[in-house]
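*Asks:* First to last, the protein sequences are chains A and B.
Counting in the working numbering, the first sequence runs from 1 upward without gaps.
Counting in the working numbering, the second sequence runs from 451 upward without gaps.
Honestly, the hints are just simulated from the structure, not real lab data.
These numbers come from a predicted model, not from an experiment.
Heads up, a few of these hints could be off.
[Said to hold, decoys possible] Subject to a maximum C-alpha distance of 30 Å in a straight line, what follows is the list of computed DSBU-like cross-link-like pairs (lysine-lysine):
{"#": "1", "chain 1": "A", "residue 1": "Lys320", "chain 2": "B", "residue 2": "Lys584"}
{"#": "2", "chain 1": "A", "residue 1": "Lys425", "chain 2": "B", "residue 2": "Lys654"}
{"#": "3", "chain 1": "B", "residue 1": "Lys654", "chain 2": "A", "residue 2": "Lys320"}
{"#": "4", "chain 1": "B", "residue 1": "Lys629", "chain 2": "B", "residue 2": "Lys645"}
{"#": "5", "chain 1": "B", "residue 1": "Lys529", "chain 2": "A", "residue 2": "Lys320"}
{"#": "6", "chain 1": "A", "residue 1": "Lys320", "chain 2": "B", "residue 2": "Lys645"}
{"#": "7", "chain 1": "B", "residue 1": "Lys654", "chain 2": "B", "residue 2": "Lys629"}
[Claimed, not checked] Per the computed footprint, the stretches of chain B lying under chain A, defined by three or more beta-carbons under 8 Å from a beta-carbon of chain A, are:
{"#": "8", "region": "466-478"}
{"#": "9", "region": "538-545"}
{"#": "10", "region": "579-591"}
{"#": "11", "region": "622-629"}
Ideal Cβ placement from N, Cα and C applies to all residues, glycine included.
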Amino acid sequence: MKDMLRTPLARRIGMTTAVAVLLLIMTGPSGTVYQPTAGVVGSFSARSSFFGLFATQRWVVWLALTLIVTGVIRAVKFLRARVPQVNTVPREAVAAIKAPFRRRSIRFSSYGVVLLVALFIPALISDNFWQQSIVEAIAVYVLLALGLNVVVGFAGLLDLGFVAFYAIGAYVTAWVTGALPLHAPFGVHLDPFWAIPIAIAVAMVAGILLGIPTLRLRGDYLAIVTLGFGEIVTIFLNNLYKVTGGSTGSNQVPHFVFHVGPLKYAWGLGPVPYYYLTLGFVVLFLLAFSRLEHSRVGRAWTAIREDEVAAESLGINPLKFKVMAFAIGAASAGFAGVMTAAQTNFLSPQTFLLSVSINVLVLVIFGGMGSIIGVLVGAALVQFLLTYLDHYAPYGFQPADIYIYLGALLVATMIFRPAGLIPAKRRRREIAMAEAGEGHMDELLTGDTP
Amino acid sequence: MSDDNIFDVQNVTLRFGGVVSLNDVSLHQRRGEILAVIGPNGAGKTSLFNSLTGVYKPQEGTITFTGEPGNPVSVIGRKPHRLNGAGIARTFQASRMFSALTTFENVKIGAESHRGLGAVGAMLGGPATRRGEKESDRRTIELLDFVGLRDEANTLSASLSYGARRRLEIARGLATNPKVLLLDEPAAGTNPAEKLDLTELIRKVRDEMGVSILLIEHDMKLVMSLAERLYVLNFGSVIAEGTPDEIRANEAVVEAYLGSSDTGTSQATTSPDGVEVTDAQG
């Protein structure tokens, strides 16, 4: 019996159960002085709605959620397990060249599964609140997380001011559509659709301008400087009243209109067209970033992350590649800004606080730094749970409470899955090697390390 | 300052606060020469390497690198990646692999580092990018063949033996098409058979690729059999210069560095299993 409890599986089940019960109780009703156990008991037995589909006891909902999450992780792992392991690839030069391409087809097939599910989400979920939230709270954060993943995951730069690029994207959209007190450039009011390339370009330039002076710094220093940058942008937005509309912001941003020749499509109030537009861009960024990861740029980032001195000695200019990571990450944040501004028609500095940067960082760490599919699934999952919490707020739940959960999630991730939900191969190796003090790599390659 | 010299070091002094790491060092390396720098621990050998590759900036003196005859480059003040572009490649005392990458990828990083940036091309997967990838792949295989690591192409670099890591570092350096290759204790932590292979390989690099070799080494047997000329450093100063035979006979050197033991078998501070050497930060 004692031996059975010591197996890794038993341990994992035990730990997961402990965390699940903890979360269940944390999110449940509160007890009172007179009924101290009501909170704990109620956490399990209180009735709760499962996505508005049916009402049942809370513990059933949690169990169902857990099973779904586990199923998704297993499915993705199964797909990834078919990736030829590094050591088992036939040791011929030709195979060495072909291996990356074979890997790629499998990588894209796991994206395909996710895409297929994503395509049918609006059909499956008809509830207007959820459709709205999926665009506003989930898709936009997925975009932000994908962008930050390039900076934090690929290039290994801790950026705590990522929200700045998000804000820049949104305010540029408002500016070129004439929604700000500051007049639109040349007095031409563009449709937000054409703001997309402009906002992305401006966000990238901002990334380069911030990057060139600051990326000479390393680690904690960089984190502090970027944190400051995020704050500066928010303060500007608040105080440059005649330019940005100050703390009230603007509610004049029009919806997207695509109009070229005879083709015309207007995005209205409904969230579904926005969902598909965002999905399209998520797919674009996904493909672009995935290619980038497996190109010389991605390898150079890995080299710099692992050993900057050695990378430099091989002719890699670290500053150039770091600035590039900043600019590319900023592009996707800039686009997320356009989406937010155009879809909600509204923007104010209150949308672009430090807490957004931290939220996105937690998504990246939880999903798995450097793992595109991990960040995608992780971000969608966490944002869904946060929205769910917010919407079906248990008694006494404050909106700001989500940061308690984010914090707990971050701690749990670091303890149980330091490389994230679906770890990136390179990252997993790095972490495992750091833990083992290098060496013993073979079990990592052959075994399915938890 | 002759065009025949690939490296010309004149009166270089490097200080860290009050500590003088290199004291008025002058030396030169002829094109195509296998040159060795020896000396006890703390003599300034690695500081010299770091000065030659742009990692450290000496306060005094000049270092001129002439990769192509008639095109001298001043080393001091230039960034390491620029110097690599000019033709200086190096390895490190504690091998610094990109351990999460395979052998193949490690070498490929060197092979592709001087191609255009191509981030946009990489994202779009354009034909130029694919051509570049293929070209780098071909070059990488060529070099893996050259150093005899083709069978380990898909092995993670962290799981290679010490000897194989040294070879990998040499291949990685060569991938950047250097004119001179600086080897910082290439034989540290290797076994006698691997040492022999390494000696062969280093000579082959010079003979077949025409790359000049500058090496630091504690293993006297290897140095004496490989180097055509040696400099001896002690406390940051050059105390002797000459052919292996001259150095062996030099009283000052024997006293300062080799002690009274037989020069042919002295292992100095390299531990047999190489553990200390690997843990040390280059």
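*Asks:* Now, for every hint given, state plainly whether the structure supports it.
*Replies:* Going down the list of hints, with the structure as the test:
no.	hint	in the structure
1	Lys320(A) to Lys584(B)	holds (24 Å)
2	Lys425(A) to Lys654(B)	violated (36 Å)
3	Lys654(B) to Lys320(A)	violated (35 Å)
4	Lys629(B) to Lys645(B)	holds (24 Å)
5	Lys529(B) to Lys320(A)	holds (13 Å)
6	Lys320(A) to Lys645(B)	violated (38 Å)
7	Lys654(B) to Lys629(B)	holds (14 Å)
8	466-478	violated (count 0)
9	538-545	holds (count 3)
10	579-591	holds (count 7)
11	622-629	holds (count 4)
When the structure is compared with the earlier hints, violations turn up for hints 2, 3, 6, 8 and for no others.
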